[in-house]
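Dock chain B against chain A, hints included.
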Amino acid sequence: MNGKPAQAGAASPLPRIECRQLRKSYFDRASGEEVNALDGFDIDIADDEFITVLGPSGCGKTTFLNIVAGFETSTGGTLALDGAPINGPGPDRGVVFQEYALFPWLDVRENVEFGLRERGVPAERRRAMALRQIAAVGLSGFEKRYPHELSGGMRQRVALARVLVNDPKILLMDEPFAALDAQTRMLMQEELLTMWSSDRRSVIFITHNIEEAVYLGDRVVVMTARPGRIKEIVPIDLPRPRDVTSPRFNEIRRYVTDILHAEVNASFAQMRTAAAA
Amino acid sequence: MISALSKSVTRVMGKSAATPHRRALPAAHRWRRLIGPLFCLALWYVATSFGWVDVRYVPSPATVAKTLYLWMWASPTGDPYVGTWFMHAGNSVYRVLLGFFIAAVLGIVIGGLIGWFRLISDLFDPVLQMLRPVPITSWVPFAVIFFGIRDASAIFLIAFGAIFPIIVNTAAGVAGTPRALVRAARMLGIRKHMLLPRVVIPAALPYIFTGLRLGVGLAWVLVIVAEMLAVKSGLGFAMWDAYYFLRMDIIIGAMLSVGFLGFLSDLAIKALSRRALKWSVDV
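So the protein lines, in turn, are chains A and B.
Using our numbering, count along the first sequence one by one with no gaps and you end on 277.
Using our numbering, count along the second sequence one by one with no gaps and you end on 560.
Isolated chain A (complex conformation):
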């Protein structure tokens, strides 16, 4: 639980993300109480590391991601990206949202170009970059489609292309495949890994799906129910591509399931006492 990257041989001396005793509390008007969404979150993430975060719903997974993204600010502790504190959102941290958050009035190419355009990249250059990235996520031929004409899986590919074209230092993914059907989901997981293994950047991937967490991550961060703390960081030492039917995979999956189960029960118990109060 001391948050040392499990990965050996990380090239950079500094971790990409350094998170110390990160805390987030806010005043909940409905209950009139101070709520601790995150309480003493400690983790270092290497610049080529794929981290999955798993926990009961409402445990603060998304809060952590939002703080790294710069959408929310912490109320305690420190968080550094390459040694510098985070100050608002920016294209160096690419966020992929569960609900896609594509701009529905822009076609695929314009969506992918959005960030480049806003940052003043000349039209011709950004078009070439966008087309290359669209091809990389397998959407060539769909450049002129609008998001509502695409399936969920295709929308998420666009969302991915839209952040990858900015060459971010870290990819932040908030349950990106949760809305997809099982087959599309598996396909997307594989493709994500293929892309990641060629460019090896940091990924923080939030999910509530245990198999997904174990399949994707170098390490799985299992969180506690509120207040959100790290319960355990489970290194996944399986070589990729991983076989989800192998005994070792299932051993790890069972191990993670047991930890999580205890937490889910605790979270329910909390809700019951809160309801009874």
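Rather than coming from a laboratory, the hints here were simulated on the basis of the structure.
If you're wondering where the values come from, they're calculated on a predicted model, not measured in any experiment.
Be aware that one or more of the hints could be misleading.
Claimed, not checked - Simulated pairs of lysine to any residue, SDA-like, Cα-Cα distance not exceeding 20 Å: (1) A/Lys144 to B/Lys555; (2) A/Lys144 to B/Met471; (3) B/Lys469 to A/Arg201; (4) A/Lys169 to A/Asp92; (5) B/Lys509 to B/Trp393.
What the hints assert, rightly or not - Per label pair, the in silico range of CB-to-CB distance: (6) A/Arg29 to B/Tyr520: 55 to 61 Å; (7) B/Pro474 to A/Ala84: 29 to 35 Å; (8) A/Arg240 to B/Ala305: 54 to 60 Å.
We put the beta carbon where it would ideally sit given N, CA and C, even for glycine.
Only chain B this time, still in chain A's reference frame:
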């Protein structure tokens, strides 16, 4: 590898994400939209030819058609209702266009500010909501005093009346901009002052067009009111003037004209919104 991916993508392309609950009408059935108007015309015809109503007060369709023909196409003879239609209609159209244009520009700007900035909303929204239910006719005396019996009066009244639905709808659309879109744009590195034109206004566009459609309908109501009370030309003025001479045929002719022109302007806005909202599923 990429071509294999594209293939798998094409496979799922079949299902459309969301479709409106009403299918488009097959072209062969379009004619049924004429049934309603034709039925009204028939009823009118029957009522006047069987003496259900006094034709001095409700002239027959034939009388109105003849009057309208003379009013529109005959060369002017000095009779105020011969050959003057285009002059009157032109005046009304001009006032509607100008008044509506002002309302649209100001309404979108004001509505955008109210929808986006909490402070502006808190400062101005209560005033707006109190002004909104006040009938526009009560502003006529002020319009006449400040602008005189001139175009400006009518244009002021039209703009002032038509701006409310535009403001209210724009504000609702802007305030309802999905937070995820704003976050996505900020994550992609947008400068803060570009959020409004690049994200918020496009996201609110469906609401803005609803406001514009309501606004243009209201503009036609208002132009008639304004012309009855505050200027001496236009279809509203012709209507009011004809009333003094009990020229009911002219009144009905003017009513039909306004209805038709209003219908045309609604079609124009609809066509515009279909172009601007081609990305939206529910146009």
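Verification of the supplied hints:
| no. | hint | verdict |
| --- | --- | --- |
| 1 | A/Lys144 to B/Lys555 | holds (12 Å) |
| 2 | A/Lys144 to B/Met471 | violated (24 Å) |
| 3 | B/Lys469 to A/Arg201 | violated (28 Å) |
| 4 | A/Lys169 to A/Asp92 | holds (5 Å) |
| 5 | B/Lys509 to B/Trp393 | violated (41 Å) |
| 6 | A/Arg29 to B/Tyr520: 55 to 61 Å | holds (60 Å) |
| 7 | B/Pro474 to A/Ala84: 29 to 35 Å | holds (31 Å) |
| 8 | A/Arg240 to B/Ala305: 54 to 60 Å | holds (58 Å) |
In this structure, the hints that do not hold are numbers 2, 3, 5, in rising order.
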